[in-house]
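Novice: Each residue of the sequence shown is one higher than the last, beginning at 1 in full-length UniProt numbering.
Worth flagging that the hints you see were computed from the coordinates, not collected in a lab. Don't take each hint at face value.
[What the hints assert, rightly or not] Calculated cross-link-like contacts (lysine-lysine; reagent style BS3-like; alpha-carbon spacing at most 27 Å):
{"id": "1", "residue 1": "151", "residue 2": "205"}
{"id": "2", "residue 1": "151", "residue 2": "73"}
{"id": "3", "residue 1": "22", "residue 2": "8"}
{"id": "4", "residue 1": "62", "residue 2": "22"}
{"id": "5", "residue 1": "8", "residue 2": "73"}
{"id": "6", "residue 1": "73", "residue 2": "22"}
{"id": "7", "residue 1": "204", "residue 2": "151"}
{"id": "8", "residue 1": "73", "residue 2": "62"}
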Amino acid sequence: MEGRATDKLYLATRWAAIETAKNRNNYVFTEYTDDQAWWANGALRLEQYIRSTGDATVELLKAAQIVINDNLKHETETCGGGIYWYHGFFRPFRTAKTTISNVLTMLTMATMFSFTHDATLLHGGTHGGAIDIYNWLLTSGLLNAQTGDQKDTLDTAHDNCTLVGGSLTYEYGVLVQALIALENATGHAQYIVDAMIFIQNAIKKFTQNNIIYEKCDQTNTCQGDQLAFRGQNEAKSQSITPARDAEGFNGISLSSSKFPQMRLK
Numbered sequence: 001m002e003g004r005a006t007d008k009l010y011l012a013t014r015w016a017a018i019e020t021a022k023n024r025n026n027y028v029f030t031e032y033t034d035d036q037a038w039w040a041n042g043a044l045r046l047e048q049y050i051r052s053t054g055d056a057t058v059e060l061l062k063a064a065q066i067v068i069n070d071n072l073k074h075e076t077e078t079c080g081g082g083i084y085w086y087h088g089f090f091r092p093f094r095t096a097k098t099t100i101s102n103v104l105t106m107l108t109m110a111t112m113f114s115f116t117h118d119a120t121l122l123h124g125g126t127h128g129g130a131i132d133i134y135n136w137l138l139t140s141g142l143l144n145a146q147t148g149d150q151k152d153t154l155d156t157a158h159d160n161c162t163l164v165g166g167s168l169t170y171e172y173g174v175l176v177q178a179l180i181a182l183e184n185a186t187g188h189a190q191y192i193v194d195a196m197i198f199i200q201n202a203i204k205k206f207t208q209n210n211i212i213y214e215k216c217d218q219t220n221t222c223q224g225d226q227l228a229f230r231g232q233n234e235a236k237s238q239s240i241t242p243a244r245d246a247e248g249f250n251g252i253s254l255s256s257s258k259f260p261q262m263r264l265k
């Protein structure tokens with residue numbers, strides 16, 4: 001810990017992050033709720049690191065809370081709840097409630113709870129908390145905790161509430177991290193049970209010979225997020241425990257001290 005507090009790269013990164021966080025528009029100008037939540041989670045992860053050195057900031061927590069507040073503005077009762085992916089002026093995008101926007105917001109709120117212990121981050125409040133978002137994801141059909149399946153988007157056009165799109169590796173990764181954060185916040189083991197089901201399904205769907213892939217790899221058509229975010233967050237499950245003798249995604253572990261050890265079949 002001692003060396004990190006004087007490391008020039010660490011100090012420069014911390015300074016840049018805090019200066020960025022001071023301007024609220026740097027976190028919520030994108031009009032995409034998933035992008036905003038990526039920023040917020042980055043701020044919270046850096047704050048966790050800073051606190052591991054024995055120090056703390058207020059700017060990063062404030063910036064993350066601004067994102068939470070802004071994302072929740074775009075949660076509506078259309079199709080029973082959920083946060084819209086996009087809130088700009090391009091109308092065709094404004095009907096999508098995506099898994100990634102909702103699980104990222106869920107992760108942000110559950111992680112923020114570890115700092116503030118504000119119960120409304122988990123349940124209730126003016127808008128739903130992380131638990132409410134997860135429950136909506138289940139009831140909407142975007143997530144299925146029995147099979148481990150997930151869909152990418154709920155299209156709310158004309159109030160039809162249509163499930164569209166398949167799943168992506170990083171959606172599973174963020175979801176599992178959010179469930180771990182919820183278990184840490186509540187002590188309810190069911191979140192780990194659910195996480196295990198989603199992990200097992202992700203391994204089944206997205207690995208061949210212990211290597212992670214997206215479905216688009218079969219036709220060599222991967223682009224955009226499929227390339228940039230391939231497998232994002234899946235390795236972070238290993239943060240619960242540093243050691244494991246089971247193999248995962250090309251050496252990326254999906255284990256947790258709270259999960260049974262697994263081997264890919």
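Novice: It remains to establish, for every hint, whether it holds in the given structure.
Specialist: Hint by hint, here is what the structure shows:
no.: 1; hint: 151 x 205; in the structure: holds (13 Å)
no.: 2; hint: 151 x 73; in the structure: holds (23 Å)
no.: 3; hint: 22 x 8; in the structure: holds (21 Å)
no.: 4; hint: 62 x 22; in the structure: holds (9 Å)
no.: 5; hint: 8 x 73; in the structure: violated (38 Å)
no.: 6; hint: 73 x 22; in the structure: holds (21 Å)
no.: 7; hint: 204 x 151; in the structure: holds (16 Å)
no.: 8; hint: 73 x 62; in the structure: holds (17 Å)
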